[in-house]
Structures are given as structure tokens and as C-alpha cells.
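J.: Take the given structure of chain G and dock chain R with the ligands to it, following the hints.
Quick mapping for you: the protein sequence lines, in order, are chains G and R.
Under the numbering used here, the residues of the first sequence are numbered 291 to 605, in order.
Under the numbering used here, the residues of the second sequence are numbered 57 to 282, in order.
Heads up, some of the hints might be wrong.
Simulated crosslink set (PhoX-like; lysine-lysine; CA at most 25 Å straight-line) [stated by the list, open to error]:
no., chain 1, residue 1, chain 2, residue 2
1, G, K494, R, K69
2, G, K494, R, K182
3, R, K122, G, K422
4, G, K494, R, K129
5, R, K182, R, K129
6, G, K299, G, K494
7, G, K498, R, K122
8, G, K498, G, K299
By construction, these hints were calculated from the structure, which means they are not laboratory data.
Residue strings, one per chain:
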Amino acid sequence: MSRPFSGRKDGLSLSEALPDRSLFALVAMMGFLAALTLAGASGARALSARWSGGAAQLLTIQVPDADTALTTQNGPSATTTRVQAVLADLASLPEGAQIHQLTPPELARLLEPWLGETDNSALPLPAIIRVKLPPDTTVPAALEQTLNAHVPGTIVEHNARWGERLRALANSLLACAGLALLSVGGIATMITGLATRTGLATRKDIIKTLHGLGASDSYIAGRFAWRTATLGFGGGLTGTLVACPPLLLLLQMAAPFASAPQATPERLLPTDWQALANTIPPDMLCALAFLPFAAAFICWFTTQVMVRLWLLRLP
Amino acid sequence: MIRLDNVSWRRGKKDNGPVLANLSFAVPQGGFRWLLGPSGAGKSSLLSLLHIENLPTDGQMSILGKTVAQEEKRAALVRLRQRIGMVHQDYQLMPDLSVADNVALPLRLQNRPEDEIQDEVHAILKWVGLGERVDVPATRLSGGEQQRTAIARAIIHRPGLILADEPTNALEESQACRLLDMFAELSAMGTTVVVATHNESLVRRLERPFLFLERGRLVEEGGERA
Ligand SMILES: Nc1ncnc2c1ncn2[C@@H]1O[C@H](COP(=O)(O)OP(=O)(O)O)[C@@H](O)[C@H]1O
Ligand SMILES: [Mg+2]
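Pulled out of the complex, with its shape left as it was, chain R reads as follows:
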């Protein structure tokens, strides 16, 4: 689960204005939340906070039931990060690695046995429709293929929390629908899912509770949107 109490975050120096201001909300384990708001509202910033790429400047935050703060041991934060899957808006693939090696990374960092890794990677790449592209270098993929590689990498290690930043903007309609179905399924199986988007039609396909950000503030928190 996720809980934020009066969390603020500013970029860099103290005198910068806060990018996120006084956010308070909770998502139960297995919950699904749309993260909505206009471009520049702070959706990506909030996701990077939830991914523990940044720490809150003020307020209390706990992720997957663990308090996240400056004083926390670095090793504890590493273990926590290993239980989160993140699809970045810019994918953040390793340019020197093939599709398969990119997707294998979370498992390799957890020192899983190599034959197990290969089985998992082939299965998931088949599912995202990249079964024929395993050995292609990440730099030679189309935008949609990169996005699907990033999605496969975010879910391969069965994380307890999935964060996705505009995960369908490079996908075709049918692929976007399959992805939403999978997120719904994972959430039903107990994975917490937060998906940021400014695509209203996508939200209408999957009616779930939402958080609406505007200029770094939570202006609306609601149940299912029709």
C-alpha cells in the first residue's frame, strides 16, 4: 500500500517553489489509481517520488508499508525499490543492451538463476508481442516497441507496486487495451497500480478511482469516473 501525509517536494534548492505541495492520500494494497492532470501538473514528479528516485522534502511517505525517509538505511531502500516496477515516460532502456537483456535486468539484479531468467524473459516478451525481436539492440526499436520493452521490464519480477507514466502513448489501440486488461488483472491479484495519463478516452475504458493533480496540488480525489 501507499500512504502520503502532507508530502511536499521541491527540486534542488530550498528557495525553489515546490513541484508537489501538501499531498495526502492512500492507496490500499491491490488498489488501482489513475493519476490525472494537465501536462506539467506534476504527475511524473509524483511517480518518481513513489519510485523513491527522490525523497519527500516535507511530510511522511510510506511505500508497500515501509516508511521512506532520509534516515532510512540505503540497503533497505534498495530492497524496497526492487519490489517496484516503473515504466518511465522516456522508457529509460539501456542503449547497449538487446531487448532480452534489458528485460532481464531486474531479475539479474536479484541474482536469479540464469535459466529461470531466460524462460521468464521469453514468456513475457511473447506476451508483449516482441517474441521475434529478442536480440535487437534497444536503440533500433520503434517507439511502440521501446514502450513495450519498458513495460515488460517493469512487470517481469512481479513487483508489489507498478508505476506507469503515460504507458500507452506510443501504443496502438489494441495493444493499449491489452495493457489495461493486464493492469486490471494484476491489481485484482494484489498488485498496487498507479497509472499517470492525460488521455481521457483511456480512462473511460477502465473505470477506476483517480487522483487529479493541478500545479502540484491534489485538487480532486474520486471514485470511478464514467
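This is chain G alone, in the form it adopts within the complex:
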């Protein structure tokens, strides 16, 4: 037997007027898309930050035959090797520049992907000097010429040339991700608007009666908005959770490029999910956790506006 009183019932029966099927499923799909887009945006942002920060200020200088004596106008120098000469010239760089010549083990690790873990001491390797310029300084334009005149064969690679392009690419990706997120939000708003309009249409007479009984606009709008917000939260959460496995997979595949060199995974599927989860960037984790709430807010806000506008037809 049903009880005469069943809590705070007002006859709107919104679980039937706004059924969970359509809105929930559609918001879940939007949540899925948004989660993937967020991941892309997070990646693009990391790339952009890397290239606009440290990497753009890096110079790599190769000195072949590094340990050979420097040839001067008076013949081979007795005291200075070619690499020492280059290092001496680099002292004229802007103040604060960090200059580091790679040690043999560092060099070996750098070359390992190409040469393997063999003993490379027999190979004639050039000396590699990494120069990190302080922020807001530029490389002297004639650096390569100067070094070459002094120590012939020296190659100066300026990462900034690549950096500019990569940064532009990363920023465009970021803008695209932003536009995609805006579109997803817009579609979610439209879906919620349509669902709310259907709900209002089926409950027209009941809303009029409630209004006549003294229900305020905020009460009626709040009831509808709470319903769509709940559905939106559920949908957003479902979409985000469904997006997690493919995201982790992508992350797993991207891991060798993102962090320190490590052995290429033999299996596509990771064995240690826990460790993998730890590699998720924290800002992406925050954004994903925020998604269901954003979905709920979009639904809540859209419905509030729609219902309040609809109610204006009643005095």
C-alpha cells in the first residue's frame, strides 16, 4: 500500500517529464568528447610551455675532433685543444648563460637509441656543448661565424628556430581544443534546452496549477534545473570515465616521448596501471575531475534560464 504522504511531492513528476535516457546519454557523449579534447589540450599546453620556456633558449654546439690541438696561424697550439678554444669563446655570451659539455656517459646515453649499449670509445665522437641562455637574451647573430673562424667545423644548432614553429603549432592546437570545448559546451546547452522545452510542454498544465497555488519562479525553475543538473552530472561522469581507458592508452604510448628515455614497452597494454595513472599530468587530472561538475552547471544554468523565461508568460 502506498503511503498517503510521500515526502516533498509537488506533482511535477520530473523523472517522467525529463526521462534519464536521452539527456543522460547525450551528455555522456559530450563528456566523452570533452575529456578527449581536454587531454589533447593538456598535451598541447605542455608542448607549448616546453618550447616557450627552456627549450627555446637552448643552443647545441658540436665540435668535431674535439681533442685535437687547435690550429693557429703559427701552427698547432701546444696548450689548447679545439673544444677548449670553443669553450673559451663562449665566455663572451650574455651573463648567466649555462655552459655544459656533455660527459662521456651522458653522450653514450644520448646515442644509445642509435648505437646500442656497446662500448663506443672507439668511435670518433664530436664534443657536444649545451648552452642554456638566460630568459630574454638573444644569441649573438655572428656566433657561428666567429666560432667557425676560430675553430673550423664547429656547428651551432639553435633550437629556437624549431621552437618558434613548434610553439606556433602547439598554440594552434590549443586554440583548436578551446574551440572544440566551446562547441561541445554549446551542443550540451542546446541538448539541455531541447530537453527542458519538452519537459515544460508536457508539464504545462501542472506548472500553471502550481503557479496558481503560489509556487515561485525560483521554486519551479529550481526543480527543473536540479533534475537536469543531476542528469548532466551523471552523464558527464559516465562520459569522463568511459574516456579514461583510451586516454591511459594514449598516455602509455606517449610516455617514451614525454619523459626520460626508457625501454620501449613490449606490450601495447600496460601492466602497471597504478604507475601509469601516476604519470597523468595533475592539471589534466583536475580538468577531468572538473568535467562532471561543468556538465552539471551547464545543464542547471540552461534550465534555470529556460524555465524562468517560460514562466514570464504567467503573471
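T.: For chain R with the ligands alone, kept in the frame of chain G given last:
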């Protein structure tokens, strides 16, 4: 109290003819008025205006001493509506709710404590003879039971103004008499009551002043009718 000065109301567009034209009358607080007239005269339309379901197209209207106009704050109109009890001609019950939940609605919308609500609802349902039907869904009630539920819902929150549209047409003779006695009693205690009917024999039972509408105009306003 109620005061209307030259109030007209038209449905929808401006070029529609007025449903109510140039109505002027006043009912003091605690007054009782029969609202009479043939079918289609505009009785239901006038009651919906007094219930602030519609606003006058022209003229001045004040309900329970408050001016009602387009410019009025919506929240003020909501509070005013909470002080009116209305029995609609078609009852307007919530189909998904039980008798008790339907009757509890005005109190719930005023956020009264739940135990207080339950006491009030049981008392009033007993009075209208629905004490055994509290948990029946509104859709499974007979016409008379629906009408009594609508009456209970209209008076449970002790409104300052009661509007009733043909409130006895589905009731038995004895129930109609009890209802009229109650309206008379409420009016004596200070509630303003307006009852629309085209049932002359009902009017003869309770001799009170009347307003007579015809084609949307007030053609006669009189004292007690014998
Ligand atoms: N929903 C409606 N749409 C259009 N005209 C209506 C509607 N309801 C009533 N009317 C018209 O409005 C006028 C007043 O009707 P009403 O107020 O219901 O009269 P009464 O209650 O005295 O029978 C009548 O001419 C009627 O035909
Ligand atoms: Mg009528």
C-alpha cells in the same frame, strides 16, 4: 478586500473583443458575493482575474488591499497568490499525487513543517468526508470526490480570499449545504468569499449580495436575493 475600477480583460491579442468589459465593484474584507450569470457570461474569467492568473488589460484592480498590475514585482504577486484559495471549475488536481499530497500542496509551498502539514491535511480531509481516501491517486476519484479534494486544497492554508467556480455542481445536496455553511462561517470570521454559480436554488439557500454578469458586463449588483 477586492476593488475593481473600470477593469477590462481581453484574451490574447489586442484586436480580440473584451471577455470582461469595464467592471467596477468592491467587496469588503469578510464580504460574501455570489457571482451570477448565464453560461459564457465571463464568471470563470473574472475569477481567474481575481486569482491573478491573468492581469487586467485596462483599469485598476486591487486584491486583499494590494494593487495588482503588470509592473508589480513577481515575488509580490507570488505572496499574494499564496493568500488566495481557488476552487477551479475543472478542479485542477495533480494527477500523479494522492488526495493527501494534493491537499498538502499549498502548505508545502509555504515550507510548513511536515508534521504540522499532516495533522492539518487529515483534519480537513475528515471534514470533507475523504478521511478514508487519503492515499488514493487523484485520477481514481469520482467527480464529487475530486471536487471535495479541490475544496480542501483551497481552504487548508486559511486564505484571506476564497474564490470558488461552481463548487457544488458535482456534490450531493447535503454536501452542498455543508459547504455553503462553511463559506458563510469563514466569511463571518473575516475571509472574503466569491462563489460563481448559475444554480438559482443554491443562491436561495444562502441570501447574500450578488454580482450579475452578462456578456462580460456587470449588469446588476444587488443586496440579498430572496
Ligand atoms: N479557452 C478559451 N478560449 C477562447 N475563448 C474562451 C475560452 N474559455 C472561455 N472562452 C470564452 O470566454 C467567454 C467567457 O467564458 P467563461 O469565463 O468561461 O464564462 P462562464 O464561466 O460564465 O461560463 C465565453 O464567451 C467563452 O466562450
Ligand atoms: Mg465557468
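J.: Hinted pair, alpha-carbon criterion (25 Å max): K494 of chain G, K182 of chain R. Please report holds or violated.
T.: 31 Å, violated
J.: Is K494 of chain G within 25 Å of K69 of chain R, Cα to Cα?
T.: Given pair K494 of chain G, K69 of chain R holds - Cα atoms ~21 Å apart, limit 25 Å.
J.: For a C-alpha distance cap of 25 Å, please report whether K182 of chain R and K129 of chain R respect it.
T.: 38 Å, violated
J.: Is the Cα-Cα distance between K498 of chain G and K122 of chain R 25 Å or less?
T.: Holds, at roughly 22 Å.
J.: For K494 of chain G and K129 of chain R, compute the direct alpha-carbon distance and say whether it is at most 25 Å.
T.: 23 Å, holds
J.: Going straight from one Cα to the other, do K299 of chain G and K494 of chain G come out at no more than 25 Å?
T.: 17 Å, holds
J.: So if I understand the rule, the pair passes when the alpha-carbon distance is 25 Å or less; does K498 of chain G with K299 of chain G pass?
T.: 16 Å, holds
J.: Could you grab the alpha-carbon distance between K122 of chain R and K422 of chain G and see if it respects the 25 Å cut-off?
T.: Roughly 78 Å separates the two Cα atoms, so the pair is violated.
In the structure shown, a violation is registered for the earlier hints numbered 2, 3, 5, in ascending order.
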